[in-house]
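Engineer: Taken in sequence, the protein lines are chains A and B. Reminder that position 216 of the first sequence reads as 216 in UniProt numbering, one-by-one numbering, no gaps. Reminder that position 160 of the second sequence reads as 160 in UniProt numbering, one-by-one numbering, no gaps.
These are computed hints drawn from the structure, not numbers from a lab. Wrong hints could be hidden among the right ones.
Ranges of calculated distance between the beta carbons of each label pair, as one might list FRET restraints [said to hold, decoys possible]:
1. S92/A - V386/B: 55 to 61 Å
2. W286/A - N37/B: 46 to 52 Å
3. G82/B - N316/A: 51 to 57 Å
4. D390/A - K349/B: 54 to 60 Å
The structure displayed is predicted, hence computed values, not measured ones. Note that CB positions come from ideal geometry on N, CA and C, so glycine has one too.
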Amino acid sequence: MRLIVPLQGVVQGRGGLILGSLIPCALFYFLQLYLKRHRSPKPQSNPPSPTTSSPKLAEMTRTSSRSNLFSRSIGQVRISSRAISIAKPNESPYYIGLDKASEDPYDRLSNPDGVIQLGLSENRLCFDLIEKWMSENLGHSITGRDNGELNINGIATYQPFDGTMELKLAMAGFMSHIMGGAVTFEPSQVVLTAGATPAIETLCFCLADQGNAFLVPTPYYPGFDRDVKFRTGVELIPVHCRSTDNFALSITALDQAFNQTRKHGTKIRGILLSNPANPVGNLLSWEMLYAILDFAREKNIHVISDEIFAGSMYGNEEFVSMAEVLDSEGFDKNRVHIVYGLSKDLSLPGFRVGVIYSFNENVLAAARKLTRFSSVSAPTQRLLVSMLSDARFIEEYIKTNKRRLQNMHALFVAGLKGLNIRCADSSAGLYCWADMSKLISSYSEKGELELWDKLLNVGKINVTPGSACHCIEPGWFRCCFTTLAEEDIPVVLERIRKAVENTTDLLNSS
Amino acid sequence: MAIEIEQPRVGLSKVAVSKTHGEDSPYFAGWKAYDENPYHETSNQSGVIQMGLAENQVSFDLLEKYLEEHSEASSWGKGAPGFRENALFQDYHGLKSFRQAMANFMEQIRGGRAKFDPDRIVLTAGATAANELLTFILADPGDALLIPTPYYPGFDRDLRWRTSVNIVPIHCDSSNNFQITPEAMEAAYQSAESMNLKVRGILITNPSNPLGATIQRSALEQILDFAVNKNIHLVSDEIYSGSTFSSSEFISIAEILETRGYKDAERVHIVYSLSKDLGLPGFRVGTIYSYNDQVVTTARRMSSFTLISSQTQHLLACMLSNKEFSENYIKTNRERLSKRYDMIIKGLKKAGIECLKGNAGLFCWMNLSPLLEKPTRESELALWKVILNEVKLNISPGSSCHCSEPGWFRVCFANMSEQTLEIALERIHKFMEQRKRN
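Pulled out of the complex, with its shape left as it was, chain B reads as follows (with noise of 0.2 Å):
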């Protein structure tokens, strides 16, 4: 019989055991419970209802019309002529077709008020991707970004997990309605150098999630001069940039630069992607804008290790440099998010509950302060707790996106049915109830 020798176990890197891709954090361990029980129209009433994930399902119908009358698009025609090529085509430039549609999309999105060119357009396979890309690109190992919180969770994991680049949080509170200020931006600035990290840029999501509200204009110009003033890099993920409910309230910082006469652009980069205004995250569909021509060259040849699909691009490239589709398109979603809000504000308010003023996305921002025993973070998850077991929805608390004030929840509305929204309303509702009644 052979003798049992102990085998030194392998080792795997750092990388592989850290703990930074933090799905140990409330705002995974909610989809988990929601996985377990998930709820369903007709045959689980009663399971969790999800409301921690930002998905568009709003247009569904307009993209299958889409597909329904253009079979070119999903296929390459009778006998596939154009296969060969596409399915050879792995050069990391991208289908010159499909950058130029992206471009003409980001373009009608902003109304024409600024102008894309496609060979800025670096592709990824999603805004993961491009944001870690950026990271990557822009920043080394120890190096620090300016974050202003509330932030999406995701950030912790996608901008420091294999880049091993910090991040320091730009406070922000509902004093001003959370808006970024040049105080705060210093004071986040002084804090990583007094911790000895070399600041490389700052980052923006505008449309901002988790707020749901756009940056304003004022906000901006100062992010921006701040940028300069420092000589640090600024990248702005416009990710929810065709999901705002007026045509005219987002201001993107391409426009900006526009009117700047592009001075100071080499330090701006743009991160898009079609998974929330188009509500396509499983086509893994990224983009990087760079106004700086090394960040551009280095990025495209980074996204070698994601790339997308060249079947994606060519049915993307045909489906939005469709005029009419994506201006129908663009136009609708906006109609159908900004009622679903509607819908959803009216509903919390009924139930006593006060949001963010927003403006964009695919969640609001909801203060539930009043309700929290104490003002602490373990006060809100605590009330988390009860309403993810007991009222049985996943919302996310404001702590997983580093908000400093405890009480703020995102509340997702675009990833369900008008009826599910209702059912999700009417809980929140008799849940309101029956602590008034206490």
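Here chain A stands alone, though its shape is the one from the complex (with noise of 0.2 Å):
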């Protein structure tokens, strides 16, 4: 009201007009004044300080973008949809696991009330012998000796992006003769990347456009959804698979799959499969193999098949690679696409060493170029040509590991057999996929989450759910156990036996 009066001077005179005029201004600045005062305090300017010593900086990053929105004004920088997803915290309970395990870890003297990690796919039963091949060969250094002297330059300059000549022989050598020698691989076919991680992106990036998909039986490997989706912007469809066929593979239900994926409008690009299996362990049989093949062939579409596991065979099955088929009858070679890697049968994840293995020179072109953004590291290149090249070495690795695996996995199979916990038959992988389901209160994801937490934070052992596998029955648990030691095998059952006390099933075993 009392704004209006000098307005309506203004109309009516000089003396109002100027009135009429400053008190409004001087009104609208003495608001913005009021609140600019009364908006919350910006965030005090700061070095970048150390992180505070919470290890898991996806909590650090949920409180302060929270704070972010209060104290921020508009205007906050932004990143990209892609990244957002992939920023969101993990929700997953084999990344929460995983953590879990990590940050208390298990150690027989040290840390004996630790989280017993079987949730990782790692192998450290050999690792006495690269040891020892370690301390016998690596000699001075990595690096060459030209007439005595030494010489970076054979490392330290660029190298081919797709990995040097050498570690292509000795790879393609070393694929062979863990696959049974049935196989010859080309080292001209051969592409190494930074893992088998992004040998499966790569893939995805050569094979497939953003909206498109691949074939995925289930249950599988839980990295397959970053692998594959992340940056790619391509679908995974599952396939289910299911306990009453011991999670064989059918072409029915492939066949389905692509229908149904087809009539929603969604392109299929390809399959996707492991082999051997991740997380059940078991084996496609060349029957399988020749009948996926068929299918694709059919479909016009791509298979992917990764064979990191091959060389960790327990069972008494003999380990066909998709190669092997391919050889021997006349598919077009150009669909095939197989992965490989060192980090399970060689145990050496941290070195990052994988491989793309194609039939297709088109994608063998394309590949290449793309490894740039994820080539091995040249001093790795060097020691894996000599450790790959030493005959004698890897025969006795490969005989002992499998004598090892077999033995870790009958036992531990064993043990959870004397728990009424019974495994799906497998004949390869770090792990064994058991049965959890009588242990479970609800039929159901949620009943199969609640033991997993139940195992993880009383038990104090971090197993892998079915659900995190995308398996369609719940109750089933990846146990890996080629990071256990023989005495832990007891300590094991026992707060698995801890964990699900009350549930009378166990009790009843006989």
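Could you fit the two chains together into a complex? Lean on the hints.
Structural biologist: In structure tokens form, the structure reads like this:
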């Protein structure tokens, strides 16, 4: 009201005009001043202080972005939509469990109450052999010697991004050896990558466009969700397998999934397999491999066969590579791509050595160029050429590894059997696929996750729940046993027993 | 006999068939010519001398000396006690000791004028991966990054190929020594807007490739202000920060932020690598240093696709945390690069060729515009072909760096011995003499 009167004065006279202009301006000015003073304070300028002791930056991000919402003025710089979904705190039990176990790792002597890690498929059974090789062979330096003088030129300078010919040769030979010698791999078809993770991603970039999809049998390795989907925009369509036939893949199921997906307007570009399978540990038979290739031919799609566990066999079956079936039948090789790596069979995940093996020249050409984003480090290449070319060592390693795997597998599975927990039939991998459905309160994902939580927080063991692997039947858990020593097995079994103390089935075990 | 049925060819992705890898451009064609006929001091004296590869070979002896005296860096000691843990280490946080060593090294390079927090360092297998990763994080497909010209030809591939992000150039020219101006930045921004492209960031290389010169403080302030005004990101690729010829002329964006009390820091990200300063491109070591927590977390997760071998992290952690080594290396490397630069500038001047005044990098920015028939890209490429095929030198034409002024060439001087550089300069001299006579 009081505002309007002076404004009326504006209309009525000169003095009023001045006042009438000044007063609203002055009021506006004071309003702004008032708002400015009472806005939430901007964050203090400070140098990038070392983050606090919290090891999980993901958690820190949550809190800091919350405070940003309140304290930052409009105009906070934005990140891409791809990044936003990746930045979200990771809710998968697969990752949560891994974090928990690494924060409080079990050690028989120094931390006997820590979390026992059974959720990471790492093979620790044969490090003694590798260590021995290292101390006998590593010599003075990883650089070469030129007339006795150290020469770093050979490994320091730019190397071919897809790997040196020496390592390709050594790798092709190793792959052939580890798969039983039934297939010869051509070094010229080997593309080396910084681990199998970028091998999978690179293949996805080459074979599919954003919005396309791959069919993948379930249960599958949780990492595929990241490897395939994160940056490529390619989808994964699950093809469910069931315990009634030991989680074997059926062509009918593949076909159904293919047709359903097509109906929804999504183009299927290929099938992503892991053989030996992760997490089940079973193998694809010759007949099944043939049937898959036939299916792929009919639909004109690609097949990616991740054979990273090919050298981690403990069963009596023979491993058959997709390459072997291709060799002997008249299939179009252009649709087949094999992924391999040294993280499992040779226990060197930290060294980042993966392989794309393809029969398709165009895929090889593109993949080679893309390896600039994920190449194997030169000193590591040099070391591995040496190691993989040591035929006597490799022979001994493969033999001993198999023996120790067989032993651990047998002990572990028998131990679980003693708790009335049976495992799926498996012949390979660093894990077993355990059926704990009788121990869950409700036959559902919720019940399964409750058990997972109990095992992790009460039992202090980290296992991977089937739901993290997209298993359609609740109650299955992947338990990796190659990070254990024999003495740890009874500890694990005791902890499982303790965690499910109130479940009658367990107490009624024979 | 089986009936041959034409099989439909199984399709590949757009990324696979795209030409964005750019390997058909002159930048790479020159490399092919070199590969087919490489110069060798004794066995092929008439071969092509590679002056198109920005590699640092002047300080290998320092690295070799360190490795000779510190076998624990390249092995895991007697009985290999630390080996097991190292071989299993695939944590995308990276080895703490290595991150600490990198942070210290980056501080040393900047003369202690900026502090780096090891927990803000994300490791990648090379700066190529770091730049691509940041692009994935800061921009969506179809968005744009502004980059001052002339720029490193590899950006066209690294920043666009898989990300589907666009590059809009900020045009710089010789009238002010190719410095970046607010007007040029604004013009680029408007140009992007007119093409309906959302600008998400500006990416600078400081010291600049291919100019071989550091960006001045005032320009850095203006660039940061511009980024703040438009509310976009600023990526500073400081891969040549340790290859400056004097210790005082390089100013990092980190220093600018420090003087501003880290206000507006959350939009700034620095890329670094050991490929140039330490001459170890084969090791594949890159880093992203971000002042933005969300970017750090996301980059870390994405780095799963491009982790650095733990063996290499271990080796470099030992090497770079050895203060005696790192201080001596930085100082000596600088001196030798400076000496090489003087040598090439003198040699080119004697041949009547001027270069942009440079103070960093492994190359100089040479002005051959007086030799062009016409001030056009075609003339420049014609001249480039002559230099490649007749003078037998592979140098990089400015057009492959998107330089708007024809006639400029990037010439690398650190990837060869002094003797080879002498030979290259002789050839240029002879070439210029011949032209004068004609």
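Engineer: Each hint needs a verdict: does it hold in this structure or not?
Structural biologist: Status of each hint after checking the structure:
no.	hint	result
1	S92/A - V386/B: 55 to 61 Å	holds (60 Å)
2	W286/A - N37/B: 46 to 52 Å	holds (50 Å)
3	G82/B - N316/A: 51 to 57 Å	violated (37 Å)
4	D390/A - K349/B: 54 to 60 Å	holds (55 Å)
The earlier numbered hint that this structure contradicts is number 3, and it is the only one.
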